[in-house]
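*Asks:* Sequence:
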Amino acid sequence: MLCGAVLLAGPLAAGARELAAEIGEMVEVEVATVGLAGFGGPPVVLLREPGVREVIPIFIGISEAGAILRGLAGERSPRPMTHELLGGVLDGLDVTLERVYVDAIVGHTFLGMLELRLPGREETLLIDSRPSDAIALALYAGASIHVAPKVLEAARNIEYEGLEEQVVVALGISVTPATDDLREALGLPDRPGVLVSDVRGPAAEAGVRPGALLLEVNGEVPVTPLRYLELVRDTAVEEDTRLRYWQEGEENELKITTDVPPPQPVPRLRHDVPGVRT
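Using my numbering, the letters of the sequence shown correspond one by one to residues 2 to 279.
Rather than coming from a laboratory, the hints here were simulated on the basis of the structure. For each residue, glycine too, the CB sits at the ideal point set by N, CA and C. Among the hints, erroneous ones may be present.
[What the hints assert, rightly or not] Restraint-style ranges between C-beta atoms, simulated for each label pair:
#  : residue 1 : residue 2 : range
1  : Pro150    : Arg118    : 21 to 29 Å
2  : Glu55     : Ile24     : 16 to 24 Å
3  : Glu185    : Glu154    : 42 to 50 Å
4  : Glu76     : Thr97     : 21 to 29 Å
5  : Gly41     : Arg157    : 17 to 25 Å
6  : Glu123    : Ala21     : 17 to 25 Å
7  : Leu20     : Pro266    : 49 to 57 Å
8  : Pro43     : Gly188    : 20 to 28 Å
9  : Glu19     : Glu165    : 35 to 43 Å
10 : Pro120    : Ile24     : 19 to 27 Å
11 : Pro150    : Pro43     : 21 to 29 Å
12 : Ala207    : Glu165    : 26 to 34 Å
Whole structure, please, built from the sequences with the hints as guidance.
*Replies:* In structure tokens, the structure reads:
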């Protein structure tokens, strides 16, 4: 269905839905993890909004929630899922997914857009999309995600609960529970904290590597991945987040901006150490 929309988008562009917000007004966000609305409600994707230190929930489907979690964990299905199929089609046509937008909310339904760049065409192409599909595709392809201010405001009223044992991403650092098996495989110390499974952006440039044990965030221990997200969210406005981590037998400290790091395709997991990416 989506693939057909891409192939036919040229002649259909005049009648397509237009963006409901100005691109320059939208806020770039970071996909943090997946949770549930209310208590045991439908799944939501949690987006970290750096400017006001908030985490914003967006309603998604069950299958898309699984796809997003697998993307955050660096996992790929044995056979292509919908977003992976579309990503393969775009690659085959030499089409680049530049940005994903969540630009409107109608009732309880969020609306999204894909921004595509086609070879030999100066202007980008906008394709109407469900945000859940668009976000899963953005993680797969390494595209940035932008949300309209009105959507952010409306989504702040949605109550949600996180899933304690799932992978969480904030500041470009992906963390998972530091299980006994992983501690033994990686030679980690017997101290509370969460395992760094992937790093990108400023944290990677500063030397943080997959396999590190994150010990403190702003002076407090992140005992679970979700607690890590909460501590990052609580960083004071206009201040950097302070991290302490164990890596290769040494403790290190780092101050890192709360800005959203540049997107990149999610790498696959290492085969020798489950839970840690290449």
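*Asks:* Take the hints in turn and mark each one as holding or not.
*Replies:* Taking the hints in turn, this is what the structure says about them:
Between Pro150 and Arg118 the CB atoms are about 25 Å apart, so this pair conforms to the stated range of 21 to 29 Å. Look at Glu55 against Ile24: about 21 Å separates their beta carbons, and that is inside 16 to 24 Å. At about 46 Å, the CB distance of Glu185 to Glu154 agrees with the hint of 42 to 50 Å. Restraint check, Glu76 to Thr97: a C-beta distance of roughly 24 Å satisfies the suggested window 21 to 29 Å.
Between Gly41 and Arg157 the CB atoms are about 21 Å apart, so this pair conforms to the stated range of 17 to 25 Å. The hinted range of 17 to 25 Å is satisfied by Glu123 and Ala21, whose Cβ atoms lie roughly 24 Å apart. One distance hint, 49 to 57 Å for the beta-carbon pair Leu20 and Pro266, is violated here, with the actual separation near 25 Å. In this structure the supplied range 20 to 28 Å is violated for Pro43 paired with Gly188, their Cβ-Cβ distance being about 41 Å.
Separated by about 40 Å at the C-beta atoms, Glu19 and Glu165 satisfy the suggested range of 35 to 43 Å. For Pro120 paired with Ile24, a C-beta distance near 22 Å keeps the hint of 19 to 27 Å intact. Taking 21 to 29 Å as the suggested C-beta distance range, the pair Pro150 and Pro43 conforms, at roughly 24 Å. Between Ala207 and Glu165, the C-beta spacing of about 28 Å keeps the proposed range 26 to 34 Å intact.
Violated hints, in rising order: 7, 8; the structure is consistent with all others.
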